[in-house]
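Student: In order, the protein sequences belong to chains A and B. Here the first sequence is numbered in our numbering, starting from 1 and rising by one per residue. Here the second sequence is numbered in our numbering, starting from 1001 and rising by one per residue.
Hints in this document: simulated from the structure, not taken from any laboratory. Treat the hints with caution; some may be incorrect.
[Unchecked claim] Derived DEER-like restraints, expressed as beta-carbon distance ranges: (1) B:Leu1117 / A:Asn22: 45 to 55 Å; (2) A:Ser136 / B:Leu1112: 33 to 43 Å; (3) A:Asp70 / B:Leu1112: 31 to 41 Å; (4) A:Lys129 / B:Lys1264: 26 to 36 Å; (5) B:Tyr1027 / A:Thr134: 40 to 50 Å; (6) B:Ser1162 / A:Gly16: 27 to 37 Å; (7) B:Thr1116 / A:Ile361: 53 to 63 Å; (8) A:Thr134 / B:Ser1162: 19 to 29 Å; (9) A:Lys129 / B:Tyr1027: 44 to 54 Å; (10) A:Gly137 / B:Glu1100: 22 to 32 Å.
[Claimed, not checked] Derived BS3-like pairs (lysine-lysine); straight-line CA-CA distance at most 25 Å: (11) A:Lys179 / A:Lys168; (12) B:Lys1161 / A:Lys131; (13) B:Lys1102 / A:Lys18; (14) A:Lys309 / A:Lys277; (15) A:Lys102 / A:Lys154; (16) A:Lys5 / A:Lys18.
Each residue gets a CB set at the ideal place from its N, CA and C atoms; glycine is no exception.
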Amino acid sequence: MAEVKLEKISKVYEDGFKAVDNVNLIVEDKEFVVLVGPSGCGKSTTLRMIAGLEDISAGKLYIGDTLVNDFPPQQRDIAMVFQNYALYPHMTVHQNMAFGLKLRKMPKDEINARVMKAARIIGLDDLMKKKPGTLSGGQRQRVALGRAIVRNPKVFLFDEPLSNLDAKLRVSMRLEIAKLHKDLEATIIYVTHDQTEAMTMADRIVVMKDGLIQQIDSPISMYNNPVNKFVAGFIGSPQMNFLDGKIEGSDFIGENNVLKIPLPSEYQNQLVDYNGKNIIMGIRPKDIKHVIEGESDIGSFVAFNTSFKGVEPMGNETFLYFSMGDNEWVARVNPDSVVVENDTVYLNSHKLHFFDHETEISL
Amino acid sequence: MKNNGINIALKSIFYLLLVMAALMFIYPFVWMLSASLAPEHELATLTVIPSEITLKNYQVLLDKIPIGRALFNSVIVASSVTLGVLVFGSMIGYALSRLEFKGRDTIFYIILFTMTLPFQITLIPNYILMVKFGWVDTYAALIIPYMINAFAIIMFRQHFKSIPQDLIDAAKIDGCGELRIIFQILWPNSIPALVTIGIITFMASWNEVLWPLIVIRDEQLMTMPQLVTLFAVGGRAESQLGVKLASAVLLALPILVAYMFFQKYFIQSMASSGLKE
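Next comes chain B alone, as it looks inside the complex (with noise of 0.2 Å):
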């Protein structure tokens, strides 16, 4: 019996540490939540129930800048890229892993090479290339050079390895082109990997500000992180907490649904980047 109460007396202890670090994680994001909602002059007390609720932050943060304009732009550029991705990666992909052809495998460690190399090493000489295309103020420079990438290459090369030869050969000898074995034969079998792909581009290309700031200078073709980005620290807010937590609170929403929906995979993906990284 004593035992038993020790045995209690500790375990409530261990969830007590485990409910107040869980609130420490998720206090900022429900205070986002429930500070964009709240009157300007509550914010100081990083209360998380306000007195009253208003909208008035997002009223003024929509007259202040085209936010839907930016979440329009941002929905078409990761759109078109993650799209990209899952196209020309497993086709790429596929080449890589089943196609014999002279090179290959130096071309596949070229690749692998090139996700050693960080971002802002070509940062520089791809802005020069968007110059000399006439691309910058365009999507054209937000969308088509990331329609290509290594992580997913390697990521499909490394799935269809594991999709049986037969599976292929059979596919051949029905009919099937090249192409016709990716889309329909491939394809429908990848489910899981073309999602996890799909997540993470879809995720990474969302979030990115760095390139689009050096890109787009006009504001109707900004995506919604260099919007708000621009907004919260460029001074635009004019020092308005309640406005900038407004326009934190739409950056975080499409991901936050786009969450809901496919969670499985979200837990799914982030292992396998983790894995693979």
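Only chain A is shown next, with the shape it has when bound in the complex (with noise of 0.2 Å):
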């Protein structure tokens, strides 16, 4: 296994579209690192340019101590495992996973032996007869997963593989990739637009928007102090609410007077130059409370009245929609709440965000 450092990584394309925009990263030896954000945000053609499989317009890539520029991706002892399992449909099971050490000349002893093994890991001991075609999504993945294994490489790239994957598939084929990380302490670059995955999987979480890296960092720190309005929304689910408005001495007052926050004195201290000036606030779903009977700071919860559009019960909890001025919010409640209409939702004023208005920073 190996480090993977990007110094600078630019891709800009003939067009002139810049695609990715100088980009830095190290991904640690035996680092699982998740590369999310919302379509054409430039993730996996930062994978792709790992992979050898794009060329890289400015910047310096490096696997271990070696530069990897010039190198096609058969000479980065890299392993891919795609969106659509790419596997070679007129190859059984084993001679998919066969085929890269046999371009490598290994011997026939050891290839066998290899994927074997890769086979028992991943539990596709009785398929290596079949071809993909006649396989399930699930186990066809599975078997794009063995390609990597046998494959022994320095770095495992994964470019959305559980997209294509039913819900329930995709639970438990996120928790084998997290212990064939675990067991193979392997170094794991890995794409997804999904959230969930990057919070469950991740050492630590990159988030990309319009080719540029907004944040690193590992996933509850990211979660709990995102560093603007973006990777805020972006992490967690369902996503956090915002509200534009003004500081107004002490309290925080949303656009159009729908809401009125006194501040505690952390937030007090910390907006002291915004007095006056515009701001946005935000407040995850899980910090607004439909009932505050039993919390421990009851007196921090701000009151506000509200109609709710629209009731889903998960079973689990309660997820309430409601309109805050312009915007959509939502609020993550104890499922045995009983919901009318016309209802009082609670915020808990000392778990709000702040964003410059115009950089849309954290403060």
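The task is to assemble the complex, starting from two chains supplied on their own in separate frames and drawing on the hints.
Tutor: Right, dumping it as structure tokens:
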């Protein structure tokens, strides 16, 4: 296994479009890093540059200590798992897994030993003679994993590997990949647009937007301390609620006076320069309550009357949808709550996030 | 009940017409075969069943022209041309569909444009080229100019575009170069396209008469259609219709045999070539 280092990596296409802009990232040895972002953010392009499937327009890429910018994919000692599995339809499972080793002129005995070992790890023993066309989606993705494992590469690259699987299978494959990472002590770079995958599997998450890295951090730290409004909105499900407004003295006043929150002292000091200025406030759905009896700090909740536009009971929790000014908000509340159409919700004033109105940077 | 009767009558007439049309279509072929096996004096009757079956026409034919040699030449030429078209066509088709390079689309449009030029326009320049190369009266003149063709390139380009890029990327990561990708990954997954293009190319090459007439004069190097055409219309058949028909049967036979083996693909290839042209 090895470290992967991206130094000022950029990708500019012929028509001038900058898909990846000056990316700096060090993926430590044995680390599981997830690149996440909306479509078109440059995450897949970054991964494909690491794989050697896309030329690097500027910057340096190191795998281990070797500068690999000009190396073709097969010389980079990486393995990749694709969204569409990308298995060779005309080969059996065994042949699919052995193909890369064969091209590397490995002795037959060793190929067989490696393939059988990998097959055992991911539970494919019984399917070795089948062709991909006869397998289910989950089984195919397992074969693709197996094909990566047999190579014993320095780095594993995953390009949205779970996107084509159904929800249940996705969860089990997520666990399996996490386990694989642990067992193989592999360096993994994983691309997804699904923040749940990022949160559950990553040692560190890299959030990208418009070709730029927004933040690199551990999942929990990123969730609690997003650097800007984009990251705050992207990480966490359902996403953070936002409201434009002003700081007036010791209060936050929502636009059109929809909401007034007396700010706890920690925010007052932090926002002293913003008095009288426009600002964006954010609050996570979990920090809006429907019932506050029994909460330890009842005094820090601010009541707000609203009429719910939608109620979604999920069993273990209930989502309440309502309007706040021009914004749609969601609260994630206890499933036992008895909800009536016009009701009161409570905002925890210690759990607010504030962002600069112009730069959207976290304050 | 009355309606039923009318229906049956209408259906019968309909099928009768169909059968007649089918007979009209198949009769010349059947007659060609039976007449080639009939004695010369019975040919004028246009009967399908001869009074006796004789191979005399074939014997005369074999004595007069080296038809066996021509069959061999045709097989060599059509096979080499087909192999060339499949190999080079898929290589160029792959480059045009998957490789990134400057002028790629321009090259594609130029290739597309050459399809609109009738063969007759390039006939003379091509012939001059053959003379300059010293290829007249060699297999090279029959094979090499036909080893690349625009139709196959375009068919391969379109087909390869439909194969997911991930498959090609996976092969690259496994260690395949471009050639290995084409022949070990794409070819096994393109059998219908290969067979279709192969059949169309083979038939076109097999049936080609004009070009061989121009570049080949040595009877030992002539292809079957060329030899049969020269024989039938060139006077050497001495107006013996039976012998002419025997030569026509031999000309059609290999394609008929091929048709029996590849029937499914034949129909497919005709359908797809109809769409592309």
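Student: Check each numbered hint from earlier against the structure, then list the numbers of those it violates in ascending order.
Tutor: 14
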